[in-house]
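Asker: With these hints in hand, go ahead and build the complete structure from the sequences.
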Amino acid sequence: MKQILTEETFSSPQWLKIICYFFGPLLVLTGLGLLMQKDFPQEIIFLVPLLLLIAVSMLMYTRLKLIISNTDIRFTGGLTQHQFLWTDITKIDMKMVGKYQTPVCTVYYGKKSLELNRGFYLKGNFNRILSLLEMKVTPELFSRQYQTIRRHLI
Numbered sequence: 007m008k009q010i011l012t013e014e015t016f017s018s019p020q021w022l023k024i025i026c027y028f029f030g031p032l033l034v035l036t037g038l039g040l041l042m043q044k045d046f047p048q049e050i051i052f053l054v055p056l057l058l059l060i061a062v063s064m065l066m067y068t069r070l071k072l073i074i075s076n077t078d079i080r081f082t083g084g085l086t087q088h089q090f091l092w093t094d095i096t097k098i099d100m101k102m103v104g105k106y107q108t109p110v111c112t113v114y115y116g117k118k119s120l121e122l123n124r125g126f127y128l129k130g131n132f133n134r135i136l137s138l139l140e141m142k143v144t145p146e147l148f149s150r151q152y153q154t155i156r157r158h159l160i
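To convert, note that position 126 of the sequence shown is 132 in our numbering; the numbers rise steadily by one, no gaps.
Source of the hints: derived by calculation from the structure; they are not laboratory data.
All values reported here derive from a predicted model rather than from experimental measurement.
Don't take every hint at face value.
With a cut-off of at most 27 Å between alpha-carbon atoms, the simulated BS3-like pairs for lysine-lysine come out as follows [to be verified]:
#, residue 1, residue 2
1, 129, 142
2, 129, 101
3, 71, 44
4, 23, 129
5, 101, 118
6, 97, 117
7, 118, 129
8, 97, 23
9, 105, 142
10, 105, 129
11, 71, 8
12, 8, 105
13, 97, 8
14, 8, 101
15, 71, 129
16, 118, 8
17, 142, 97
18, 142, 8
19, 117, 101
20, 8, 44
21, 23, 105
22, 71, 97
23, 101, 142
24, 97, 118
25, 118, 71
26, 142, 71
27, 71, 105
28, 105, 44
29, 97, 129
Answerer: Below is the structure:
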C-alpha cells in the first residue's frame, strides 16, 4: 500500500457546472413566472413543483465532491454523505450498466456502499480514482469482475 501524497478532489466537469448554474436559476424564474400568470390552466400548477425540483437537483449536482486522502475517502455535497477510512473497506466491485456499458465501481464499507460512476467523473478522473483505490486497498478486496472490467478499461 502506497502513500497518497496530496489530497485529491474529484467533481463534475467545469462545463457541466456552468450549464447547471445557468439553467438552474432559469428554471426557478420560469416556475415563478408561471405562478404569476393570472389566467393559467390548472395543469400548470403541477408543472411548477417539477421545475423547482429539477432546478434544486441541478444546483445540488454541482456541489458533489469525492475527496480522496491518505487516511480516508469522503463524498460530500449530496443528500447522503459518505466518510470512511481505508481500513473500513470490505469489498470493491465493478459492473457495466446502461446502453453504452458505462462502468460503475461500488466500494463497500461496513453496511454501506458508495457507487462511483464514470458518467459523472468522465474517463480521465475515473481512471485516476481507480488507480488511487488500487494503491491503497489490498488486492484481495477487489472482485474478479472488477479485475476483468479494469483490464478492459486500461
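Asker: If a hint holds in the structure, say so; if it doesn't, say that too.
Answerer: We went through each hint and held it up to the structure:
Restraint check for residue 129 and residue 142: the C-alpha separation of about 20 Å stays at or below 27 Å, so the hint holds. Restraint check for residue 129 and residue 101: satisfied, since their Cα atoms lie roughly 15 Å apart, inside the 27 Å limit. The suggested pairing of residue 71 with residue 44 is violated, with an alpha-carbon distance near 42 Å, which exceeds 27 Å. For the hint pairing residue 23 with residue 129, the CA-to-CA distance comes to about 17 Å; that is within 27 Å, so the pair holds.
Using a Cα cut-off of 27 Å, the hinted pair residue 101 and residue 118 holds, with the two alpha carbons roughly 17 Å apart. Between the alpha carbons of residue 97 and residue 117 the distance comes to roughly 11 Å, so the proposed pair stays at or under 27 Å and holds. Taking the CA atoms of residue 118 and residue 129, the gap is about 25 Å. The hint holds against a cut of 27 Å. Pair hint residue 97 plus residue 23 does not hold up; C-alpha atoms about 32 Å apart against a cutoff of 27 Å.
Taking the CA atoms of residue 105 and residue 142, the gap is about 32 Å. The hint is violated against a cut of 27 Å. A threshold of 27 Å between alpha carbons decides the hint, and for residue 105 with residue 129 the separation of about 17 Å falls inside it, so the pair holds. The hinted pair formed by residue 71 and residue 8 meets the criterion: a straight-line CA distance of about 23 Å does not exceed 27 Å. With a CA separation close to 36 Å, the supplied pair residue 8 and residue 105 exceeds the 27 Å bound.
About 19 Å separates the Cα atoms of residue 97 and residue 8, which keeps this hinted pair within 27 Å; it holds. A hinted pair counts as satisfied when its Cα atoms are at most 27 Å apart, and residue 8 with residue 101 qualifies at roughly 26 Å. A hinted pair counts as satisfied when its Cα atoms are at most 27 Å apart, and residue 71 with residue 129 qualifies at roughly 16 Å. Taking the CA atoms of residue 118 and residue 8, the gap is near 25 Å; set against the 27 Å cutoff, the hint holds.
As the CA atoms of residue 142 and residue 97 are separated by approximately 13 Å, the hinted pair is consistent with the 27 Å bound. Taking the CA atoms of residue 142 and residue 8, the gap is near 6 Å; set against the 27 Å cutoff, the hint holds. As the CA atoms of residue 117 and residue 101 are separated by approximately 19 Å, the hinted pair is consistent with the 27 Å bound. Proposed proximity of residue 8 and residue 44 is contradicted: the alpha carbons are some 65 Å apart, above 27 Å.
Proposed proximity of residue 23 and residue 105 is supported: the alpha carbons are some 25 Å apart, at most 27 Å. With a C-alpha separation of about 22 Å, the suggested pair residue 71 and residue 97 falls inside the 27 Å cut-off, and the hint holds. For the proposed pair residue 101 and residue 142, the alpha carbon gap of about 21 Å is at most 27 Å, so the pair holds. Restraint check for residue 97 and residue 118: the C-alpha separation of about 11 Å stays at or below 27 Å, so the hint holds.
Only pairs whose Cα atoms come within 27 Å are accepted, and residue 118 paired with residue 71 is accepted, the gap being roughly 18 Å. For the proposed pair residue 142 and residue 71, the alpha carbon gap of about 19 Å is at most 27 Å, so the pair holds. Of the pairs offered as hints, the one joining residue 71 and residue 105 holds, with about 26 Å between alpha carbons and a cut-off of 27 Å not exceeded. Restraint check: the Cα-Cα separation between residue 105 and residue 44 comes to about 44 Å, which exceeds 27 Å; the hinted pair is violated.
For the proposed pair residue 97 and residue 129, the alpha carbon gap of about 22 Å is at most 27 Å, so the pair holds.
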